[in-house]
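**Q** Mind docking chain B on chain A? Use the hints.
Protein chains: 2
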Amino acid sequence: MLSFVGLGISGFESIPIEGLDIISKADVVYLEQFTSPIGKSDLDKIQNSIKGEFRPAKRWLVEDGNEILEMAKEKDVVLLSYGDPYIATTHIELRTRAIENKTQTRSIHASSSLTSMIGECGLHFYKVGRIATIMSEMKSLTTPYYVIYKNLIEGNHTILLLEYNQDKNFFLDPKNALKGLLETEQGQRRKVLTESSYVIVASRIGFKDQKIISGKISSLTNIDFGKPPHTVIIPGRLHFTESDALKLFGKCIDKPFDNSEKTQKISIQMMKKYVPMVREALEEIESHYKDQKEFQVILENAELYINDAEKFLEDDQDEVAILSIGYADGLVDALRLAKGLEPKM
Amino acid sequence: MLSFVGLGISGFESIPIEGLDIISKADVVYLEQFTSPIGKSDLDKIQNSIKGEFRPAKRWLVEDGNEILEMAKEKDVVLLSYGDPYIATTHIELRTRAIENKTQTRSIHASSSLTSMIGECGLHFYKVGRIATIMSEMKSLTTPYYVIYKNLIEGNHTILLLEYNQDKNFFLDPKNALKGLLETEQGQRRKVLTESSYVIVASRIGFKDQKIISGKISSLTNIDFGKPPHTVIIPGRLHFTESDALKLFGKCIDKPFDNSEKTQKISIQMMKKYVPMVREALEEIESHYKDQKEFQVILENAELYINDAEKFLEDDQDEVAILSIGYADGLVDALRLAKGLEPKM
Numbered sequence: 001m002l003s004f005v006g007l008g009i010s011g012f013e014s015i016p017i018e019g020l021d022i023i024s025k026a027d028v029v030y031l032e033q034f035t036s037p038i039g040k041s042d043l044d045k046i047q048n049s050i051k052g053e054f055r056p057a058k059r060w061l062v063e064d065g066n067e068i069l070e071m072a073k074e075k076d077v078v079l080l081s082y083g084d085p086y087i088a089t090t091h092i093e094l095r096t097r098a099i100e101n102k103t104q105t106r107s108i109h110a111s112s113s114l115t116s117m118i119g120e121c122g123l124h125f126y127k128v129g130r131i132a133t134i135m136s137e138m139k140s141l142t143t144p145y146y147v148i149y150k151n152l153i154e155g156n157h158t159i160l161l162l163e164y165n166q167d168k169n170f171f172l173d174p175k176n177a178l179k180g181l182l183e184t185e186q187g188q189r190r191k192v193l194t195e196s197s198y199v200i201v202a203s204r205i206g207f208k209d210q211k212i213i214s215g216k217i218s219s220l221t222n223i224d225f226g227k228p229p230h231t232v233i234i235p236g237r238l239h240f241t242e243s244d245a246l247k248l249f250g251k252c253i254d255k256p257f258d259n260s261e262k263t264q265k266i267s268i269q270m271m272k273k274y275v276p277m278v279r280e281a282l283e284e285i286e287s288h289y290k291d292q293k294e295f296q297v298i299l300e301n302a303e304l305y306i307n308d309a310e311k312f313l314e315d316d317q318d319e320v321a322i323l324s325i326g327y328a329d330g331l332v333d334a335l336r337l338a339k340g341l342e343p344k345m
Numbered sequence: 001m002l003s004f005v006g007l008g009i010s011g012f013e014s015i016p017i018e019g020l021d022i023i024s025k026a027d028v029v030y031l032e033q034f035t036s037p038i039g040k041s042d043l044d045k046i047q048n049s050i051k052g053e054f055r056p057a058k059r060w061l062v063e064d065g066n067e068i069l070e071m072a073k074e075k076d077v078v079l080l081s082y083g084d085p086y087i088a089t090t091h092i093e094l095r096t097r098a099i100e101n102k103t104q105t106r107s108i109h110a111s112s113s114l115t116s117m118i119g120e121c122g123l124h125f126y127k128v129g130r131i132a133t134i135m136s137e138m139k140s141l142t143t144p145y146y147v148i149y150k151n152l153i154e155g156n157h158t159i160l161l162l163e164y165n166q167d168k169n170f171f172l173d174p175k176n177a178l179k180g181l182l183e184t185e186q187g188q189r190r191k192v193l194t195e196s197s198y199v200i201v202a203s204r205i206g207f208k209d210q211k212i213i214s215g216k217i218s219s220l221t222n223i224d225f226g227k228p229p230h231t232v233i234i235p236g237r238l239h240f241t242e243s244d245a246l247k248l249f250g251k252c253i254d255k256p257f258d259n260s261e262k263t264q265k266i267s268i269q270m271m272k273k274y275v276p277m278v279r280e281a282l283e284e285i286e287s288h289y290k291d292q293k294e295f296q297v298i299l300e301n302a303e304l305y306i307n308d309a310e311k312f313l314e315d316d317q318d319e320v321a322i323l324s325i326g327y328a329d330g331l332v333d334a335l336r337l338a339k340g341l342e343p344k345m
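Residue numbers (our numbering), protein chains in the order written: chain A, 1 to 345; chain B, 1 to 345.
Next up, chain A with everything else stripped away, as it sits in the complex (with noise of 0.2 Å):
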């Protein structure tokens, strides 16, 4: 039998009841640290309340799984890991190799840090969209930046989890990460993240210590967040009973903002800068037509799709807002160009 049981994200205070029932009458306990680090005090109530072998089981051991398969064959093996256990995607392939062992299995499911989080924030989970992962060793960090991108197009939050190391005891400070987003912005431009983007940054969720800090980036260079682990949120749109949460839950450096309404669609980026373009080229370019009556349709029909586009962004409809904008530009530009003008494209 092979038991995956959460510890909660507390330590050993957070345990179901039935978990440490099943911990107490184990013959191999092991416990999983590579997702989050487990204190002293912890481990020793830990210790105390399990009858069985004690085994702290590094990441490759249960990446690897072969020790822990063989025994649960013979004998009842609980693998202990912090928060739910199967958000770690090593512990669900552990579980599907045990059943095709024909071991049985059995899970206890326990807090996570990812639901705990954003309510200690005082936000809705329903508005979490994708979840990010920064690494230090990721070259680049266009991944997590177009993560947060499309969530705060649809208003939604975003939790960025930072790298934990066990076996170098590293963990990545909140403030690498926000200085890569930005220097990410940097290339991609999508007005994502500025200085003065509003993060919050919430460490040692669920511990005593607890800390949640929020603010414009700008704001939070100098904040000491206090000891790892961290976990950076960028807000997407604020319902005001999040912001009024916020604000009492934590300590917020600034007050809370929407980062999504600096957040521009691509498409609504493009109109603002096309259909004023466009306009502007129709109205020079018909007095050189104005005797030619085989264009005059062209011209209206320019005049058409201008006004189209506009409203099928109304609609949110922007790809045919952007096909129909482009479409009239097309059809101005050949007329610039049969004329000797400049295109505008």
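Possibly wrong hints are sitting among the right ones.
Which copy is meant is left open, so a pair is good if it fits within one copy or across any two.
What the hints assert, rightly or not - Below 20 Å or equal to it, Euclidean Cα-Cα: the simulated SDA-like pairs (lysine to any residue) are:
1) LYS40 to LYS262
2) LYS262 to PHE34
3) LYS51 to LYS262
4) LYS247 to THR90
5) LYS265 to THR143
6) LYS216 to ASP258
Simulated from the structure, these hints should not be mistaken for laboratory data.
**A** Just chain B, lined up with the frame of chain A:
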């Protein structure tokens, strides 16, 4: 003092040990059951474990909050709820009001059905996109439909929470939710869901009679999903470890497959239509202008912009791709209109 204590997803057994300690010592324990029902035997165990007063709390009582907040000014009060306490935004608001009242608050997190069900299905939580809710009173399901659409084009999984009404003892049937979404597809036609889309119905997650049944929508029509609560999950892109786990952790009527392949971005759907159309229109018009040198530059530009549009799409610059193909179409149609031919937009 007002403590928000999560019961977790498996009834009394899933309460964290610190949560049990708090409810056992409290003066008053309110039990909220409007987010999910709690069974009779769990109710008995909860009541037996507390020394103070036990009060069931209906939705209106928690939303109104005055009784609980008044009580918490003087007494040690607990609001006990299914799952993690802050997934319900009502509880976050109540905590906000308590802090405004200068009442001390405390939060005990517990397993949430959101994180647990994803792990129980063998899916990766970091691939879950924004969550959607389906209520029977909704006049239209376009909101959840577009949440699924946006998740699918990013390859994300979607959790669809189904209505539960404690007062009416009503649970929205997953078959009705899927039927409503298929009807929405008829109107919206974004290729989000068809009878052959792959869906997972997760029932009573965390309980002994938990069921995970998945397959094409058409294969699930006659399946008995057992007792509620049910949740529907629309998987996006599936890693092979996710498919393998899903097959072993639940019952798959059909082999799991990737829903996101069928759902193309609007931009890709458009490009598939417009690129060959504009290319054909260009070829058709070329012969009309072969003796007019001043128009050659327009024909050349049209050719260039069609090619650019394809390159931009390959580079994931969808908006610029659409702008380019629209522009090329405009150039070509100007030449067509000038010769009295039908435009091709």
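**Q** All hints, please: hold or fail.
**A** Outcome of the hint check:
Taking CA atoms no more than 20 Å apart as the test, LYS40 paired with LYS262 passes in neither setting, with 45 Å inside one copy and 51 Å between copies. For a Cα distance limit of 20 Å, the shortest separation of LYS262 from PHE34 qualifies neither inside one copy, at 37 Å, nor across copies, at 37 Å. Neither within a single protomer nor between protomers do LYS51 and LYS262 lie at most 20 Å apart by alpha-carbon distance, with minima of 57 Å and 53 Å respectively. Proximity of LYS247 to THR90 under the C-alpha cut-off of 20 Å is restricted to the inter-copy arrangement: shortest distance 17 Å between copies versus 37 Å within a copy.
Taking CA atoms no more than 20 Å apart as the test, LYS265 paired with THR143 passes in both settings, with 17 Å inside one copy and 19 Å between copies. Proximity of LYS216 to ASP258 under the C-alpha cut-off of 20 Å is restricted to the intra-copy arrangement: shortest distance 11 Å within a copy versus 40 Å between copies.
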